[in-house]
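S.K.: The listed protein sequences derive, respectively, from chains C and U. Under my numbering, the residues of the first sequence are numbered 1 to 86, in order. Under my numbering, the residues of the second sequence are numbered 101 to 186, in order.
No false leads were mixed into what you were given.
Looking from chain U toward chain C, a few residues come up when the C-beta cut is under 7 Å (computed):
#1 T117
#2 T134
#3 G148
#4 Y155
Pair ranges (Cβ atoms, derived):
#5 C:A69 x U:I108: 18 to 26 Å
#6 C:L12 x U:I166: 19 to 27 Å
#7 C:I73 x U:S161: 24 to 32 Å
#8 C:I66 x U:S159: 17 to 25 Å
#9 U:P163 x C:R84: 30 to 38 Å
#10 C:A69 x U:F115: 16 to 24 Å
#11 C:I57 x U:I173: 28 to 36 Å
#12 C:A69 x U:L111: 18 to 26 Å
#13 C:G60 x U:I180: 36 to 44 Å
#14 C:I57 x U:A169: 21 to 29 Å
The calculated lysine to any residue pairs, modelled on SDA-like cross-linking and capped at a C-alpha distance of 20 Å, are:
#15 C:K32 x U:L139
#16 C:K32 x U:T131
#17 C:K82 x U:N133
#18 C:K82 x U:A125
#19 C:K32 x C:Y81
#20 C:K82 x U:S135
#21 U:K127 x C:A25
#22 C:K27 x U:K127
#23 C:K82 x U:T131
#24 U:K182 x C:A40
These are calculated hints, taken from the structure and not from any lab test. The structure presented is a predicted model; accordingly, all values stated were derived computationally and were not measured. The beta-carbon is built from N, C-alpha and C at its ideal position, and this holds for glycine as well.
Protein chains: 2
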Amino acid sequence: MHFGLVDIIGLLAAFGTTVSFLPQAIKTIQTKNTSGISLAMYSLFTAGTMLWLAYGIMSGSLPVTIANAITMIFASIILIYKIRYK
Amino acid sequence: MHFGLVDIIGLLAAFGTTVSFLPQAIKTIQTKNTSGISLAMYSLFTAGTMLWLAYGIMSGSLPVTIANAITMIFASIILIYKIRYK
Chain C
1 MHFGLVDIIG LLAAFGTTVS FLPQAIKTIQ TKNTSGISLA MYSLFTAGTM
51 LWLAYGIMSG SLPVTIANAI TMIFASIILI YKIRYK
Chain U
101 MHFGLVDIIG LLAAFGTTVS FLPQAIKTIQ TKNTSGISLA MYSLFTAGTM
151 LWLAYGIMSG SLPVTIANAI TMIFASIILI YKIRYK
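My request is simple: use the sequences and hints to build the entire structure.
M.R.: Rendered as structure tokens:
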């Protein structure tokens, strides 16, 4: 199996966009300040990560599956807070 | 070229997670309310989309390239507003 620069960039990209939702989830849980957060964004985004998760499982891609399972959890938390504390 | 259910789910997923940042960008531009938005999230996320863009170009994936070019623009706008109106 060839594992080169392109793969490393892809893994770093997946790590960055996945982990980025953690500080947002922590901030939202701590402050309950969701006034500047878009409900449309998190509704669409959470649905999108669910589809990515299905795509990852169906296409047998472990990185896509894992990255989106984690992102979906973070996005769902932010969405629930947005609905509850809008 | 076989184009089945899995591909359709993948395209819908890419569309959903890309387009979701548009309502957030519009809301942020209109309200300039960035108090609930995480600077760490948008710094990491914007950097992540840049890496995804590089990965898309280097691996020759048009969907990854296009989706992340668009998402990177939306995320950059939100990041700039967060830095300017925090």
